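One-letter residues, chain by chain:
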Amino acid sequence: MAPAFGKLAGRTALIAGMMAAALSTAPAHAADVPESDDPIKMTIHDWTGQALTTHIMGSVLEDMGYNVEYVQADYLAQFAGLESGDLHVAMEIWETTGKDALTASLKTGDTVDLGETGMKAIEEWWYPKYVKEECPGLPDWEALNDCAELFASPETHPKGRYLGGPVTWGGKDEERVEALGLDFEVVHAGTDAALFAEIQSAYQRRQPILAWVYTPHWAPIKFEGEWVEFPRYSKECYEDPSWGPNPDKTVDCGKPRGWIKAVGWAGGEEKWPAAYEAIRNFNITNQDMGEMIGKVDLDGMPISVVVDEWMENNRDTWQSWIPKN
Amino acid sequence: MTALTGVETRPAVVRRPTVLLWALTLAVLLALWFAGARMEWLAHYPDEWVLPLRDWVSEAMEWLVKEATFGLFTFKEFTRGIAWLLNVPLQACLVLLAHGLEVPLGEESSILIPPLSWLGVLGGVTWLAWRVGSRGLAILVGTCFAYLAVFGQWNSAMVTLSSILVAVPVGIVCGGLLGILGYRSHAFERAITPVLDLMQTVPVFAYLVPVLFLFGFGPVSAMIATIIYAMPPMVRMTMLALRGVSAEVLEFGRMAGCSERQMLWKVLLPSARHSLMVGVNQVIMLSLNMVIIASMIGAGGLGHDVLTSLRRLAIGDGLEAGVAITVLAISLDRLSQAVANRGATPVHLQTEQGFADRHTTLLGIAGILLGTYVLAFFIPALRSYPDQLVIDTGPLFENLVAWVNVHLYIYLDAVKSWLLINLLIPFKRLLIDAPWPGVAVVLAMAGWRIGGWRLGALVASLAIFIAVTGNWEKAMVSAYLCGISVVLAMAIGLPIGILAAGSERFHRIAQNIADTLQTLPSFVYLIPVVMLFQVGDFSAMVAITAYAVAPAIRYTDHGLRGVPGEVIEAAKMSGCRRGQLLWKVKVPLAMPEIMLGVNQTIMMALSMLVITALVGTRDLGQEVYIALTRADTGLGLVAGVCVAFLAIIADRLIGAWAARRKRELGLD
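Line order of the protein sequences matches chains A and B. Using my numbering, the letters of the first sequence correspond one by one to residues 1 to 325. Using my numbering, the letters of the second sequence correspond one by one to residues 1 to 668.
Quick caveat, the hints were computed from the structure, so don't treat them as lab data. In this text the structure is predicted, and so the values were computed from the model without any measurement. Be aware that one or more of the hints could be misleading.
[Stated by the list, open to error] Taking lysine to aspartate or glutamate and the EDC-like style, the derived pairs with C-alpha atoms no more than 20 Å apart in a straight line are:
#1 A:261 / A:110
#2 B:428 / A:155
#3 A:107 / B:55
#4 A:107 / A:124
#5 A:295 / B:398
#6 A:249 / A:183
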């Protein structure tokens with residue numbers, strides 16, 4: 001027994017010594033960071049921007065001394081995993097598409113809001129620039145009805161066809177069409193991929209198309225186009241019928257521009273407090289993100305290279321996220 | 001129409017009441033239709049009447065996850081235990097094939113024990129293929145694995161292979177055991193058959209959510225979903241195969257004094273080996289079918305590559321990863337077939353051989369793996385395939401699709417618009433407007449005429465269940481999409497099947513086409529289809545048809561080849577011309593088998609519904625997909641069961657018809 005005890009004591013001393021060493025060399029870090037060596041599991045979805053955000057945050061956490069593991073998970077199905085603690089951090093929940101799921105999940109008390117990421121989601125009805133030649137009234141929404149036929153397809157004729165996002169994204173487009181009296185029919189794409197596939201194909205043929213496009217995304221970088229200008233969104237517009245051009249209906253305006261938030265497993269708050277603090281401090285602009293997405297999706301650079309490059313050039317920015325005490 | 005001449009063999013007397021009955025049924029349907037204009041509840045099932053079944057299911061699930069307990073441990077702990085257990089072999093495979101192992105040495109440093117060399121794995125499987133099969137097989141398997149390396153798919157492919165290597169044996173063993181139980185006890189067989197039906201027809205998306213809740217997030221859950229999906233054919237084939245063992249063999253076993261256990265392991269299973277392999281083959285194929293869906297819940301690997309590439313609209317990259325899945329499927333399938341067909345050395349000869357002689361195959365693999373592993377420490381190019389040598393065909397396919405899109409679009413668009421206006425939209429209207437009680441009556445009538453009152457009652461009550469759970473209209477959209485696609489798939493598949501039955505060379509080509517269509521992830525062609533035909537029903541129809549055409553080809557081919565030689569001989573002697581031989585003899589005789597092909601085509605079409613929801617259809621598939629994204633267990637399972645019921649209605653009606661026709665033709 002005795003030698004065993006001695007060994008144990010020795011190891012404790014060693015660890016204590018090393019902690020002291022860590023303290024002296026890196027005063028910026030709290031004494032007990034990382035609080036736990038268990039890997040923080042961060043989710044990766046199927047769009048580039050999210051992978052970039054997650055890898056940047058992951059690199060910062062690794063720099064702080066945490067173990068990080070990236071797990072592929074579906075954007076909305078991941079909430080089940082975040083609630084049970086199988087997954088720990090999701091970096092991008094968009095107000096525009098994931099608000100309901102997020103609210104429901106936060107209500108269980110098993111997940112916590114990790115704050116806004118600084119990026120702003122913009123999404124609206126969008127058309128390629130060449131459409132303007134045939135429909136010069138754009139981008140004003142009141143010009144849409146004059147050009148409805150331009151966007152028609154056999155299924156929607158004589159109404160115009162507006163290609164909306166997946167049903168699960170919400171967006172109130174049916175209500176908008178009715179409230180603003182637009183001669184359009186909303187067709188929902190099943191997935192993001194299908195949506196942009198159709199936009200790309202129409203763009204190649206220079207065929208008029210009206211579709212739901214959002215940013216940060218590669219599409220508005222790659223394709224030249226504009227967003228339709230609806231009456232500007234306000235909270236009253238969605239709640240008060242008397243607001244806006246249609247006195248009897250709500251949703252007679254454009255879409256809200258929304259936050260993009262990070263969310264985490266509630267248990268992590270105690271397990272890795274400093275890490276969660278750093279994630280809350282995460283902040284990046286649409287501009288930066290757009291540039292990085294362009295480098296990956298359009299120039300074909302690997303994600304890891306783009307992330308390393310950003311980390312190198314923006315040392316001050318991400319250093320400031322790390323909590324000081 | 002000549003194909004139906006066989007009908008005339010029935011005596012005319014029986015037909016008259018049938019015609020009368022059908023006329024009556026149609027009259028009822030039309031009456032209900034007109035009444036529907038006045039009585040809204042006939043035309044559209046009222047929302048107030050909807051049974052809140054999905055809420056009950058969600059609550060039951062909540063209870064299962066949060067409260068159910070066996071006393072010592074909770075239900076969730078139990079399922080998590082299973083997940084942990086399955087994770088062990090999976091991690092082992094991953095370490096060996098893909099990731100290697102990082103061994104920490106002290107605080108700062110660690111050494112990475114690398115995974116097996118790519119050349120070693122390639123050499124190993126090629127050697128295995130040569131030993132168990134032929135030189136041809138070795139070349140095929142070698143080329144397949146070389147594809148994975150040369151096209152830069154190696155690492156992802158090994159991740160996918162790891163989960164297949166665990167899921168397939170588990171599926172085979174569990175399926176086999178259940179099958180043996182079913183063989184021993186008829187009561188068990190009766191109990192398990194409907195469960196198997198549901199397992200095969202409820203879309204995977206529907207039970208993905210409960211699986212996630214119970215087994216946690218990650219590759220293991222994906223694997224469990226794969227096993228649930230891929231196991232049923234193994235259970236069925238085991239029961240069938242064991243029943244099929246000939247009486248003499250059984251008699252011989254008994255005479256030799258076998259105990260029950262010896263009888264099973266030494267007599268029954270070995271003699272049923274060939275039929276059992278059909279089950280194994282199905283497990284492999286279905287597991288690989290699941291790769292894409294599994295990657296949505298964290299399996300990674302090739303499925304994830306396909307999804308991310310298509311998200312970027314990099315069609316070429318998606319295709320490369322998709323073909324990698326096909327290539328894996330084909331090599332595993334051919335290898336397993338070769339193992340089953342191998343003539344084993346008789347036992348009395350084995351004792352005369354030395355250890356090395358008996359285990360050449362295994363020793364060879366071990367040697368190749370070890371050799372390349374050690375060599376790789378000196379030659380890094382053996383460790384991981386060098387990036388400079390990777391071929392990238394991505395831009396080629398993107399340009400191809402772009403070219404078709406720009407230059408051929410007007411023609412495609414014309415065909416699409418014509419079909420939409422004249423066929424799809426009217427048919428859709430018809431089905432949606434049909435009154436639900438009327439459709440139930442027609443189904444009951446059909447069931448009764450074909451298979452007796454029990455069948456009639458079954459199909460009618462399944463149809464009413466769909467209405468009662470509030471899914472009628474969506475189910476009709478599903479029926480319309482599948483119906484049109486099946487007709488189209490048969491129109492394409494039948495002629496190909498007939499050609500394949502006539503010529504050996506064409507047969508082989510058709511086989512390969514069918515294999516590829518079934519294993520190439522549909523998502524790969526879904527996106528180009530959307531580019532050419534826009535989001536909507538038409539794209540969904542094209543994708544479903546492409547997927548469902550495989551069984552139409554296979555069963556037609558198989559059925560025509562199965563027509564007894566004597567009958568053909570007799571037909572030739574009585575002076576049939578070639579056309580007559582085909583249409584008046586072969587096709588009518590093969591009709592029951594072809595109808596089974598139709599049946600399978602319908603099953604395939606229904607299983608594609610959920611995938612086409614990704615394009616944007618508004619049917620049951622979309623309901624299931626929405627449920628997945630909202631993690632709503634009840635919604636998903638109920639909509640999934642409705643899809644299953646559509647499938648079961650079609651299956652029972654066609655199955656009963658084919659069985660009756662077989663009896664009439666004396667083919668039993």
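Note to self: If you test the structure against every hint from before, which numbers come out violated?
What the structure shows: Hint 4 alone not satisfied by this model.
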